[in-house]
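If you want the working numbering, it's the 1-based position in the sequence shown plus 11.
Honestly, I wouldn't trust all of these hints.
[What the hints assert, rightly or not] Derived CB-CB ranges, DEER-like: (1) Leu19 x Glu72: 29 to 35 angstroms; (2) Ser14 x Ser71: 19 to 25 angstroms; (3) Arg54 x Asp15: 30 to 36 angstroms; (4) Ala28 x Leu69: 24 to 30 angstroms; (5) Lys36 x Gln64: 26 to 32 angstroms; (6) Val13 x Arg53: 17 to 23 angstroms; (7) Leu19 x Leu69: 19 to 25 angstroms.
[As the list claims (entries may be wrong)] Subject to a maximum C-alpha distance of 30 angstroms in a straight line, what follows is the list of computed DSSO-like cross-link-like pairs (lysine-lysine): (8) Lys18 x Lys36; (9) Lys63 x Lys36; (10) Lys24 x Lys63; (11) Lys18 x Lys63; (12) Lys24 x Lys36.
The set of hints was computed from the structure by calculation and includes no laboratory data. Glycine included, C-beta positions come from ideal geometry on N, C-alpha and C.
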Amino acid sequence: MVSDSDKLLWSVKETCAALGIARSKLDQLTAEGSIPTVLIGRRRLFPVQQVKQWIAGLPSENTEGGRYGQQRRSRKGQAF
12 MVSDSDKLLW SVKETCAALG IARSKLDQLT AEGSIPTVLI GRRRLFPVQQ VKQWIAGLPS
72 ENTEGGRYGQ QRRSRKGQAF
């Protein structure tokens, strides 16, 4: 039996758990062609090393603010 650390491919469920995202988000990323996948028969699997490289290549959020460099503000207008 192969241990989790030796797996070459993740299932949809395993990929969602590893990334901490919902199935619907993974489906969206797959449909966009954003995340690397392989098909074996009718089963869609995710190459572990390629997914890890894909994650490493994602832009990180600016520590000063949100995705677009803007600071998030509370309802009272205070930055947090």
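Verification of the hints:
1. Leu19 x Glu72: 29 to 35 angstroms: Given range 29 to 35 angstroms: holds, Cβ gap about 30 angstroms.
2. Ser14 x Ser71: 19 to 25 angstroms: 30 angstroms, violated
3. Arg54 x Asp15: 30 to 36 angstroms: Check failed, 18 angstroms falls outside 30 to 36 angstroms.
4. Ala28 x Leu69: 24 to 30 angstroms: Once the Cβ atoms are compared, 18 angstroms apart, the range 24 to 30 angstroms for Leu69 and Ala28 is violated.
5. Lys36 x Gln64: 26 to 32 angstroms: The hinted range 26 to 32 angstroms is violated for Lys36 and Gln64, with Cβ atoms some 19 angstroms apart.
6. Val13 x Arg53: 17 to 23 angstroms: Given a distance of about 22 angstroms, which is inside 17 to 23 angstroms, the answer is holds.
7. Leu19 x Leu69: 19 to 25 angstroms: 22 angstroms, holds
8. Lys18 x Lys36: 23 angstroms, holds
9. Lys63 x Lys36: With Cα atoms ~17 angstroms apart, Lys63 and Lys36 stay inside 30 angstroms; holds.
10. Lys24 x Lys63: 16 angstroms, holds
11. Lys18 x Lys63: 13 angstroms, holds
12. Lys24 x Lys36: Roughly 12 angstroms between the alpha carbons, so the hint for Lys24 and Lys36 holds.
Hint violations for this structure: numbers 2, 3, 4, 5, all remaining hints satisfied.
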